[in-house]
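The lines below spell out each chain.
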Amino acid sequence: MRHAARTESLVSIRRRRATTSSLAEVVLRIAGVDQLIIDELRGDLTEEYHFRVTRDGETRARCWRLYESLRSAPYLGLSALRSKARHHPAQLTAVVGGAALAASLCIAVRVNAKGPPALLTPQHNGAFIVNSVRPVKLWMRVADAAGHQLPSVSVRYKWTSGVPVSVSPAGVVTCSQPGDATVRATLDALEASISLLCRPVRDVRATALMDLVVGGDAQDLRFEATDASGRTVDQLAGEIIVGDSTIATLEGQRIRARAPGSTWVILRLGDHESFTSVHTYQRVAQLERILPGQRLAIDVRLEPRETRQWTLPAGHYFLAIHPLQTKRTRPRLAVVGATCKSELDHFACWVRDPATVIAYFPRNANQDQPTSGQLTIWRQEEP
Amino acid sequence: MSDTTLGTLELTVLLSVARLTNDAYGFAIRRDLAERSGRDHSVGAIYTTLQRLQDKGLLTSHTSAPLPVRGGRSRRHYRLTAAGARSLREAKRHAEAAWAGVGSTFRPKLG
Numbered sequence: 001m002r003h004a005a006r007t008e009s010l011v012s013i014r015r016r017r018a019t020t021s022s023l024a025e026v027v028l029r030i031a032g033v034d035q036l037i038i039d040e041l042r043g044d045l046t047e048e049y050h051f052r053v054t055r056d057g058e059t060r061a062r063c064w065r066l067y068e069s070l071r072s073a074p075y076l077g078l079s080a081l082r083s084k085a086r087h088h089p090a091q092l093t094a095v096v097g098g099a100a101l102a103a104s105l106c107i108a109v110r111v112n113a114k115g116p117p118a119l120l121t122p123q124h125n126g127a128f129i130v131n132s133v134r135p136v137k138l139w140m141r142v143a144d145a146a147g148h149q150l151p152s153v154s155v156r157y158k159w160t161s162g163v164p165v166s167v168s169p170a171g172v173v174t175c176s177q178p179g180d181a182t183v184r185a186t187l188d189a190l191e192a193s194i195s196l197l198c199r200p201v202r203d204v205r206a207t208a209l210m211d212l213v214v215g216g217d218a219q220d221l222r223f224e225a226t227d228a229s230g231r232t233v234d235q236l237a238g239e240i241i242v243g244d245s246t247i248a249t250l251e252g253q254r255i256r257a258r259a260p261g262s263t264w265v266i267l268r269l270g271d272h273e274s275f276t277s278v279h280t281y282q283r284v285a286q287l288e289r290i291l292p293g294q295r296l297a298i299d300v301r302l303e304p305r306e307t308r309q310w311t312l313p314a315g316h317y318f319l320a321i322h323p324l325q326t327k328r329t330r331p332r333l334a335v336v337g338a339t340c341k342s343e344l345d346h347f348a349c350w351v352r353d354p355a356t357v358i359a360y361f362p363r364n365a366n367q368d369q370p371t372s373g374q375l376t377i378w379r380q381e382e383p
Numbered sequence: 001m002s003d004t005t006l007g008t009l010e011l012t013v014l015l016s017v018a019r020l021t022n023d024a025y026g027f028a029i030r031r032d033l034a035e036r037s038g039r040d041h042s043v044g045a046i047y048t049t050l051q052r053l054q055d056k057g058l059l060t061s062h063t064s065a066p067l068p069v070r071g072g073r074s075r076r077h078y079r080l081t082a083a084g085a086r087s088l089r090e091a092k093r094h095a096e097a098a099w100a101g102v103g104s105t106f107r108p109k110l111g
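The listed protein sequences derive, respectively, from chains X and V.
Taking my numbering, the leading residue of the first sequence gets 1, the next gets one more, and so forth.
Taking my numbering, the leading residue of the second sequence gets 1, the next gets one more, and so forth.
Rather than coming from a laboratory, the hints here were simulated on the basis of the structure.
One should not assume that every hint holds.
What the hints assert, rightly or not - Derived lysine to aspartate or glutamate pairs resembling EDC-like cross-links, with alpha carbons at most 20 Å apart: (1) X/Lys327 <-> X/Asp368; (2) V/Lys56 <-> X/Asp34; (3) X/Lys327 <-> X/Glu288; (4) X/Lys341 <-> X/Asp368; (5) X/Lys327 <-> X/Asp299; (6) X/Lys84 <-> V/Asp55.
Isolated chain X, as found in the complex (with noise of 0.2 Å):
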């Protein structure tokens, strides 16, 4: 009888309790803890409470219940688990596979999901550049609101102002002369226009052998672009490749050296290439010796008049001096002993007994100022 009194008693307390959960009570259920101990510590926080609402206060009794819950919440999470997994480790697995599971699909979902194009955009802020007379195909990029990239095949272009030019709606443009056109591109609804630049590039050459030193500054990459009526093209779009990254790298047009060698750099523009080859010297303070295979680059500063000069044992060189500063009086070189071919302001030697490499400043300057430059010498492997 005692029993039965006390059953309906619970059974009271716990319906009366459920109507009145608190979303920490919730989320403990849903969490695993079982369901009597959370109506016990709801009871025994209860009867803390009360006994410090009288000793402290009210407020003070709420802080304490708020900072009791948070702390006693790491406890019980980790108990329902443990619970969990030993007495239903295939329930607890499914759980956590479910919600990996679903966490993943809504992240995939979230990352990959494309929507309608919103966005049509044409490359290099609406100007397209081209130096070639054969076809080419215009590429706009296309997007959804989100900025997720997608396909532009349906993409269609229309010529509609300029110098005339052959374009297919597919986007594939002639140049057969140079000029600007205007050419509307077009998806469902959305619409842009491209500046159309043929600017037809008939030869490309370099104009210099390319010396640098490491450690110094990067350098304009030395090319001249001419069209069918030998003018300089100097609006140019196409692609620059370095044969050794090791040696040199590129920055934008321009081109630093990394370590002493030699390397290639060839230039795609149109329908032609060309190719320059790069020497990169380690600079130093004295030129006192270079064995084979060095390559040294030496600051010259010369006053009026004055010259420096070195001795260069037998052997193969190629030696340059480039002037630092372009406003000044150039300075010069000369090798004496030695066989040489000039090419391109190099000097290509070869030193049978040892030679003297002279830096002047030139006799029929007109300038009291001194000059500057680099002496650059890559004395050959001996064969």
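Given the coordinates of chain X, assemble chain V onto it according to the supplied hints.
Chain V only, in chain X's frame:
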């Protein structure tokens, strides 16, 4: 010899239940531990420990009748089982064996 290994908190909770006898329920156990050890264990820590001790068969519990006050609640009271009492005796014996030989000459160095 019992093969049940007790953690520090499990041991202190068991001792508290043994000490409180008929008045061993959550709030009372927590207060007892705080008074004796000076440590303020969270309600969650105490209840998960009590649950674990029950799972190990060292404690048993029953729900009391509602308190004779308005809105009075039922309390879950805990009691040592025979296995729980055996575990306490084992723990005491282990502790004594471990301390044997240290004797009164032991002076812990502080700081």
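Evaluated hints:
With a CA separation close to 13 Å, the supplied pair X/Lys327 and X/Asp368 stays within the 20 Å bound. Pair hint V/Lys56 plus X/Asp34 holds up; C-alpha atoms about 17 Å apart against a cutoff of 20 Å. Between the alpha carbons of X/Lys327 and X/Glu288 the distance comes to roughly 30 Å, so the proposed pair goes past 20 Å and is violated. This hinted pair does not check out: X/Lys341 and X/Asp368 have alpha carbons roughly 31 Å apart, beyond 20 Å.
At most 20 Å may separate the alpha-carbon atoms for a hinted pair to count; X/Lys327 and X/Asp299 meet this at roughly 17 Å. At roughly 13 Å between alpha-carbon atoms, X/Lys84 and V/Asp55 fall within 20 Å of each other, so this suggested pair holds.
Going through the hint list in order, the structure does not satisfy hints 3, 4.
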